[in-house]
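Colleague: These are the residues of each chain, in order.
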Amino acid sequence: SQQGEEDPQALSIQEGENATMNCSYKTSINNLQWYRQNSGRGLVHLILIRSNEREKHSGRLRVTLDTSKKSSSLLITASRAADTASYFCALKGNTPLVFGKGTRLSVIA
Amino acid sequence: GAGVSQTPSNKVTEKGKYVELRCDPISGHTALYWYRQSLGQGPEFLIYFQGTGAADDSGLPNDRFFAVRPEGSVSTLKIQRTERGDSAVYLCASSPDRGNTEAFFGQGTRLTVV
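Line by line, the protein sequences are chains A and B.
Under our numbering, residues 4 to 112 are what the first sequence spells out, in order.
Under our numbering, residues 9 to 122 are what the second sequence spells out, in order.
Treat the hints as calculated values from the structure; they're not laboratory data.
All residues carry an ideal CB built from backbone N, CA and C; glycine is no exception.
Treat the hints with caution; some may be incorrect.
Distance ranges between label pairs, derived from CB positions [unchecked claim]:
(1) B:Q88 with A:T30: 48 to 54 Å
(2) B:G80 with A:T30: 38 to 44 Å
(3) A:D10 with B:D71: 31 to 37 Å
(4) B:A10 with A:A84: 47 to 53 Å
(5) B:D71 with A:D69: 23 to 29 Å
(6) B:D71 with A:Q17: 49 to 55 Å
(7) A:N97 with B:G36: 39 to 45 Å
(8) A:I111 with B:P16: 34 to 40 Å
Away from chain A, derived, C-beta distances all over 10 Å, residues of chain B [to be verified]:
(9) E28
(10) G36
(11) F53
(12) E110
Kindly generate the complete structure, drawing on both the sequences and the hints.
Modeller: If you want it as structure tokens, here you go:
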């Protein structure tokens, strides 16, 4: 399959805790992207990591990429109730951007 | 406009009817994608345009689905003889290049076939 597979499917944490989501894949990629979606409508791009990069940061977000294990993780630190959303990894290889099924994150205040 | 615009935001149609969904990408973006998303699932790739041409239409589920982008800007997704299983949110995204940077998504069109 060309799509990534996120783990866990659902995650519930308390406000202030860290949230970690993982994405595994099977194909070669040029880059891997993480997106967020609220209420089942438009997706918002969070961060892009290229295949020759191992780690990127953006605010409270930290993404790692291990191409030898074909996996990526998204860490959200000091979570807030407003972080409640679905998070998707998307793979860019020789095919158009392909999305996984997502992780549904609930942050409880 | 500043972002990707999709119209209509909601569409209810009867089984067997024809529908058109419109996407206005960000000005200057050469890449345009259509996705379909069912409840609880991730976006499912349908078709990708680079300029005016469909560079990859491998995701279109059958020949009832067709999309055009005649001038390399606005795109229309056309669905003939709609079926209840076509009910979903149809998402459009654009990107300034061949996908090596982020994609910008519209808010989607929720299609309901009754």
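Colleague: Hint by hint, note whether the structure agrees.
Modeller: Right, here's what the structure says about each hint:
{"no.": "1", "hint": "B:Q88 with A:T30: 48 to 54 Å", "result": "violated, 33 Å"}
{"no.": "2", "hint": "B:G80 with A:T30: 38 to 44 Å", "result": "violated, 29 Å"}
{"no.": "3", "hint": "A:D10 with B:D71: 31 to 37 Å", "result": "holds, 36 Å"}
{"no.": "4", "hint": "B:A10 with A:A84: 47 to 53 Å", "result": "violated, 28 Å"}
{"no.": "5", "hint": "B:D71 with A:D69: 23 to 29 Å", "result": "violated, 41 Å"}
{"no.": "6", "hint": "B:D71 with A:Q17: 49 to 55 Å", "result": "holds, 50 Å"}
{"no.": "7", "hint": "A:N97 with B:G36: 39 to 45 Å", "result": "violated, 24 Å"}
{"no.": "8", "hint": "A:I111 with B:P16: 34 to 40 Å", "result": "holds, 35 Å"}
{"no.": "9", "hint": "E28", "result": "holds, 20 Å"}
{"no.": "10", "hint": "G36", "result": "holds, 17 Å"}
{"no.": "11", "hint": "F53", "result": "violated, 6 Å"}
{"no.": "12", "hint": "E110", "result": "violated, 4 Å"}
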